[in-house]
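Novice: So you can see what is in the structure, the chains are spelled out below.
2 protein chains.
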Amino acid sequence: MQTYRAPVEDFRFILHDVLKVDNYRNLPSFEELAPDLISAIFQEGAKFCEEQLLPLNASADAEGCRYEDGEVKTPSGFKEAYETYIQGGWTGLASDPEYGGQGLPRVIAGCIGEMMMSANLSFSTYPGLSTGAVEAIHNHGSEQQKTTYLPNLISGKWGGTMNLTEPHCGTDLGLMRTKAEPQSDDTYSITGTKIFITSGEHDLTENIVHLVLAKVPGGPPGIRGVSLFIVPKFLVTDGDALGERNGVRCGSIEHKMGINGSATCVMNYEDATGYLLGGEHKGMRAMFTMMNAARLAVGIQGLALSETAYQSAAAYAKERRQGRALSGAKEPDEAADPIIVHPDIRRMLMSMRAFNEGARALAMWVGLHLDFSTVHPDERTRQDSEDLVALLTPVIKAYFTDYGFEAVNMGLQCFGGAGYIQETGMEQLVRDARISQVYEGANGIQALDLVGRKLPAHMGRSLRQFFHPVDQFIQKHAGDEDMRPYVAPLAKSFGRLQQATLWIGEQGLSDPDQAAAAASDYLRLMGLVALGFMWARIVETARQKLDEDVDNREFYEAKLVTGRFFMERMLPDTSSLLSKLTSGAANVMALDAAAF
Amino acid sequence: MQTYRAPVEDFRFILHDVLKVDNYRNLPSFEELAPDLISAIFQEGAKFCEEQLLPLNASADAEGCRYEDGEVKTPSGFKEAYETYIQGGWTGLASDPEYGGQGLPRVIAGCIGEMMMSANLSFSTYPGLSTGAVEAIHNHGSEQQKTTYLPNLISGKWGGTMNLTEPHCGTDLGLMRTKAEPQSDDTYSITGTKIFITSGEHDLTENIVHLVLAKVPGGPPGIRGVSLFIVPKFLVTDGDALGERNGVRCGSIEHKMGINGSATCVMNYEDATGYLLGGEHKGMRAMFTMMNAARLAVGIQGLALSETAYQSAAAYAKERRQGRALSGAKEPDEAADPIIVHPDIRRMLMSMRAFNEGARALAMWVGLHLDFSTVHPDERTRQDSEDLVALLTPVIKAYFTDYGFEAVNMGLQCFGGAGYIQETGMEQLVRDARISQVYEGANGIQALDLVGRKLPAHMGRSLRQFFHPVDQFIQKHAGDEDMRPYVAPLAKSFGRLQQATLWIGEQGLSDPDQAAAAASDYLRLMGLVALGFMWARIVETARQKLDEDVDNREFYEAKLVTGRFFMERMLPDTSSLLSKLTSGAANVMALDAAAF
Numbered sequence: 001m002q003t004y005r006a007p008v009e010d011f012r013f014i015l016h017d018v019l020k021v022d023n024y025r026n027l028p029s030f031e032e033l034a035p036d037l038i039s040a041i042f043q044e045g046a047k048f049c050e051e052q053l054l055p056l057n058a059s060a061d062a063e064g065c066r067y068e069d070g071e072v073k074t075p076s077g078f079k080e081a082y083e084t085y086i087q088g089g090w091t092g093l094a095s096d097p098e099y100g101g102q103g104l105p106r107v108i109a110g111c112i113g114e115m116m117m118s119a120n121l122s123f124s125t126y127p128g129l130s131t132g133a134v135e136a137i138h139n140h141g142s143e144q145q146k147t148t149y150l151p152n153l154i155s156g157k158w159g160g161t162m163n164l165t166e167p168h169c170g171t172d173l174g175l176m177r178t179k180a181e182p183q184s185d186d187t188y189s190i191t192g193t194k195i196f197i198t199s200g201e202h203d204l205t206e207n208i209v210h211l212v213l214a215k216v217p218g219g220p221p222g223i224r225g226v227s228l229f230i231v232p233k234f235l236v237t238d239g240d241a242l243g244e245r246n247g248v249r250c251g252s253i254e255h256k257m258g259i260n261g262s263a264t265c266v267m268n269y270e271d272a273t274g275y276l277l278g279g280e281h282k283g284m285r286a287m288f289t290m291m292n293a294a295r296l297a298v299g300i301q302g303l304a305l306s307e308t309a310y311q312s313a314a315a316y317a318k319e320r321r322q323g324r325a326l327s328g329a330k331e332p333d334e335a336a337d338p339i340i341v342h343p344d345i346r347r348m349l350m351s352m353r354a355f356n357e358g359a360r361a362l363a364m365w366v367g368l369h370l371d372f373s374t375v376h377p378d379e380r381t382r383q384d385s386e387d388l389v390a391l392l393t394p395v396i397k398a399y400f401t402d403y404g405f406e407a408v409n410m411g412l413q414c415f416g417g418a419g420y421i422q423e424t425g426m427e428q429l430v431r432d433a434r435i436s437q438v439y440e441g442a443n444g445i446q447a448l449d450l451v452g453r454k455l456p457a458h459m460g461r462s463l464r465q466f467f468h469p470v471d472q473f474i475q476k477h478a479g480d481e482d483m484r485p486y487v488a489p490l491a492k493s494f495g496r497l498q499q500a501t502l503w504i505g506e507q508g509l510s511d512p513d514q515a516a517a518a519a520s521d522y523l524r525l526m527g528l529v530a531l532g533f534m535w536a537r538i539v540e541t542a543r544q545k546l547d548e549d550v551d552n553r554e555f556y557e558a559k560l561v562t563g564r565f566f567m568e569r570m571l572p573d574t575s576s577l578l579s580k581l582t583s584g585a586a587n588v589m590a591l592d593a594a595a596f
Numbered sequence: 001m002q003t004y005r006a007p008v009e010d011f012r013f014i015l016h017d018v019l020k021v022d023n024y025r026n027l028p029s030f031e032e033l034a035p036d037l038i039s040a041i042f043q044e045g046a047k048f049c050e051e052q053l054l055p056l057n058a059s060a061d062a063e064g065c066r067y068e069d070g071e072v073k074t075p076s077g078f079k080e081a082y083e084t085y086i087q088g089g090w091t092g093l094a095s096d097p098e099y100g101g102q103g104l105p106r107v108i109a110g111c112i113g114e115m116m117m118s119a120n121l122s123f124s125t126y127p128g129l130s131t132g133a134v135e136a137i138h139n140h141g142s143e144q145q146k147t148t149y150l151p152n153l154i155s156g157k158w159g160g161t162m163n164l165t166e167p168h169c170g171t172d173l174g175l176m177r178t179k180a181e182p183q184s185d186d187t188y189s190i191t192g193t194k195i196f197i198t199s200g201e202h203d204l205t206e207n208i209v210h211l212v213l214a215k216v217p218g219g220p221p222g223i224r225g226v227s228l229f230i231v232p233k234f235l236v237t238d239g240d241a242l243g244e245r246n247g248v249r250c251g252s253i254e255h256k257m258g259i260n261g262s263a264t265c266v267m268n269y270e271d272a273t274g275y276l277l278g279g280e281h282k283g284m285r286a287m288f289t290m291m292n293a294a295r296l297a298v299g300i301q302g303l304a305l306s307e308t309a310y311q312s313a314a315a316y317a318k319e320r321r322q323g324r325a326l327s328g329a330k331e332p333d334e335a336a337d338p339i340i341v342h343p344d345i346r347r348m349l350m351s352m353r354a355f356n357e358g359a360r361a362l363a364m365w366v367g368l369h370l371d372f373s374t375v376h377p378d379e380r381t382r383q384d385s386e387d388l389v390a391l392l393t394p395v396i397k398a399y400f401t402d403y404g405f406e407a408v409n410m411g412l413q414c415f416g417g418a419g420y421i422q423e424t425g426m427e428q429l430v431r432d433a434r435i436s437q438v439y440e441g442a443n444g445i446q447a448l449d450l451v452g453r454k455l456p457a458h459m460g461r462s463l464r465q466f467f468h469p470v471d472q473f474i475q476k477h478a479g480d481e482d483m484r485p486y487v488a489p490l491a492k493s494f495g496r497l498q499q500a501t502l503w504i505g506e507q508g509l510s511d512p513d514q515a516a517a518a519a520s521d522y523l524r525l526m527g528l529v530a531l532g533f534m535w536a537r538i539v540e541t542a543r544q545k546l547d548e549d550v551d552n553r554e555f556y557e558a559k560l561v562t563g564r565f566f567m568e569r570m571l572p573d574t575s576s577l578l579s580k581l582t583s584g585a586a587n588v589m590a591l592d593a594a595a596f
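Residue numbers (our numbering), protein chains in the order written: chain A, 1 to 596; chain B, 1 to 596.
Treat the hints as calculated values from the structure; they're not laboratory data. Treat the hints with care, since some could be wrong.
Any copy will do: because identical chains look the same in the list, a pair fits if it lies in one copy or spans two.
Said to hold, decoys possible - In silico DSS-like pairs for lysine-lysine, Cα to Cα no more than 30 Å straight-line: (1) Lys179 to Lys330; (2) Lys476 to Lys47; (3) Lys73 to Lys282; (4) Lys330 to Lys282; (5) Lys47 to Lys318; (6) Lys318 to Lys179; (7) Lys146 to Lys476; (8) Lys545 to Lys73; (9) Lys179 to Lys545.
Chain A on its own, in the form it takes in the complex (with noise of 0.2 Å):
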């Protein structure tokens, strides 16, 4: 059985505590945020997700969805949950309130879509879609464009999709073929074929607005020929009535490895009417803004799960019994032990309870600082928070689903073959946690993304971002030895961390295949450390608690051991990535590809 409660406690200690949200009460969108409201948004969105989402997940993986000539049924009792959820105002709590949305932090819808993701992944994927459209719209839309489509996308009563892939072009979308002919009413008439649309078509939504990528003949060649558009299914007539059915019709949907209950779907265009969005041959800017959203939320998916597969595998082990504490029987009464008395299942449990904690204070200091870099009234402070997005986004989508992914197959693993059978639910979780790896940009893209744009970007002024404050942390506790246990590990890979930056700098100079063969050790390596800084952060917190708050002393104890059992069991890896990543190219490119 899958076992999710909303880890609310855990997110207000690092809003209030760690992060010190309050003290941005000054910043627009932050101004009503009292921490009473805050916490009755978590535990309205909490018990939406454990009441509604959870009991759905299991079912919905059963079920699938079905296609049926051009339609898409979604699994049973998705629709309610739907209709629940946008009334409840879920889908815009982060949008713009000119356009119906509830202006909230992003940091706070990132909490709550944590805990969305947590109990049905596949549930998420419908409105998650739509705030990457709803973005797009906002920042590159006429004001036209705005007033037509925002607020039935903000209020939930629209979906919208992001259309890139096409069965030649993943990751490299130059090679695009979906073609945008200008007509003479300012349209366009778009027709081409888009593969792996996540909500491409579904019955939860009376319109869906697609984002498209196409080609304007005669534009650029590759990448830089790229424009972006509306195509919505059924067009939009007097202000938000609809009219005709649009010429884009759903093909077919992928049956996958897992997410069963998210339709993924070909889409074809067939001079189907597109309004650009943004200008002609700047597609690309337009679609980033949507990407590193998903990005940053794709990466959000690994925490999700791993946390639930931690909850899962905690309690199946405080249950199942077998065997006996190898110190002597802990309940001497019973045939034999909870399997929790084992070592090598405590290992298993900690590394999840580690990762978890740890990358949802780092997701949160990263939302934290997208909200700093549209809503800060500095610019300066707006620039470096961006900056700080710009560097991690990578790191969050690479790491946390990587991570995430050998997270959830720890939470099988304690469930020994049990967690093989269905039932159980362990084996889903797997299932729907691969594609975080996959979609979104593969991981090795994201690595790219880190070593080759992100780190050289503007003379390595993102990497300040990241470096200063961990620098600065750690010599502030150098003298203090109750700390020492977590910032000289700390050290230590940060250390590892910088003389890895410098290898790269100075090789990738000279041939960049030595810069890319060590992309992926280098993006764990900064994943690690980044976590590990947060630990730090986690932990010189909770021994400040430990004292106010008496009455929670077990929660920050925890704290403690957690951040240990990080700092001396996961952190290490740094050590062995720096070796790796700084053997050269030459292990990785030497044999000629036909020997393969």
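Dock chain B against the given chain A, drawing on the hints supplied.
Specialist: Just chain B now, with coordinates in the frame of chain A:
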């Protein structure tokens, strides 16, 4: 599409050149083993696996097994393939000629086993379980039991199973409830429920011989009171004629994550007639014969699926075009380069390849010693070989399946989003591979077996059988400059393994939790050193062959490159593993169970 061609050239290289099996032609079962005969066996086996089994792999996954009223139908094509299989005499390849087997060395049967698992893991589980039953009856049965059951099991006319697990007892077999009441005619009446019984019921053979663990009332408590029984589905009357249906029925089959073509059965025993195998209360000893062979076989499953994943991913990477090589377009006339030009794709392919070839050599080295342990005329050599096999069995089971799972996931990753779609077959490999980490003793149990049983046994005698040849190899090549890039990393990692061994020996004495908390990391450390050792031997051999066998230079040169990759990009993990495992049990055990 799954791509698989049996790596016959690699099998032959390891067998003849690395392990120098032709030096042992004086040993029983090796006598007739001319290189030509071995080649012919490999080629015939390869043909069967590639042409008969591989084409059924995806269809069997989609179709699964069907349960109806106590009967199980295997997927379409399995019956015909099984007919061909037994007609080819493959079931009895390494079995005793006295009972119709072919008496070939097990190391040869192991290679054929790897091929079968690569091509169709589900299919391989049917004859695979019979092999275990043959060994148990051969080693522990009475003369009458042997003549009654062995010929038909060895010919494949009948199948065999292992029945250990019950709903409340998996790892902890002492909790077993299945009862065996002695009857007046020297038989026993068996009653109880067994779960997770691979091949417990199916339509491939006319009879199924179940080996069932049960407790004779009044025996010692716990595991010491367990006995093993032969319980045939149909009682055997005159000679091998089938008589009455026995009181054993399949109650249902499990719905699993993968290996859908393999029937995983709930078996209900109700007053079934059983025949004691070995002595009363000596069931575990007899069962261990089967379990050790099964654990080695399961380890090879990890390698086998990794091989298929590697070949499939390599084929895709040479075909799929996205982007350009960073060092400049490799095929400028095409719209894009094949993705094998990208270092991160190479890194994954090389990781899989380096694991596969190293693991294959290790499995075959241990397989050879498994032969020595039974057929060698020198008692001391038999004992030494048995010790080596005992030590490395849990390492092969756990490390091969853990890394094998990582490797099939790299295979999927090379396909990007397409890997998540059922059509490409990559996600099936991931689902199929996942079971190998949980069955035949979950991998955490293997680690405990290594650290708690194998290390201390006979004052470390087993360990010496592994440490001694590694040490000798390192010393032999101490001054060899050409071998330094291989021997230096091996020596460093071997030093770490020795350090870890000492630490566990010292700490484990005073606190068994220390050893148990270190066990999984220690096992992996030993697995890496063992592969490092095999790679150093492979390279040593390949360097000699480069001059002797100039027509195949490319094969040997690829070994030098791949060996280097292993040393520089995989073996460094030994450094972080040592650091983690010596961090002590406190970080794992400190939290109260209620805090999880």
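Novice: Compare the structure with each hint and give your call.
Specialist: Now the hints, each set against the structure:
For a Cα distance limit of 30 Å, the shortest separation of Lys179 from Lys330 across copies, 28 Å, qualifies, whereas the shortest one inside one copy, 69 Å, does not. In this assembly of identical chains, the alpha carbons of Lys476 and Lys47 never lie at most 30 Å apart, being 41 Å within a copy and 67 Å across copies at closest. Taking the closest pair of Cα atoms, Lys73 and Lys282 never come within 30 Å of each other, the shortest separation being 35 Å inside a single copy and 58 Å across copies. Taking CA atoms no more than 30 Å apart as the test, Lys330 paired with Lys282 passes between copies only; the shortest distance there is 29 Å, against 65 Å inside one copy.
In the homo-oligomer, the alpha carbons of Lys47 and Lys318 lie at most 30 Å apart inside one protomer (24 Å), although the nearest pairing across protomers, at 50 Å, exceeds that limit. In this assembly of identical chains, Lys318 and Lys179 lie within 30 Å of each other by CA distance solely across copies; the values are 28 Å between and 58 Å within a copy. Proximity of Lys146 to Lys476 under the C-alpha cut-off of 30 Å is found in neither arrangement, the shortest distances being 47 Å within a copy and 75 Å between copies. Taking the shortest Cα distances, Lys545 and Lys73 never come within 30 Å of each other, neither inside one copy (50 Å) nor across copies (62 Å).
For the identical chains of this complex, Lys179 and Lys545 are neighbours neither inside a copy (59 Å) nor across copies (57 Å), given an alpha-carbon limit of 30 Å.
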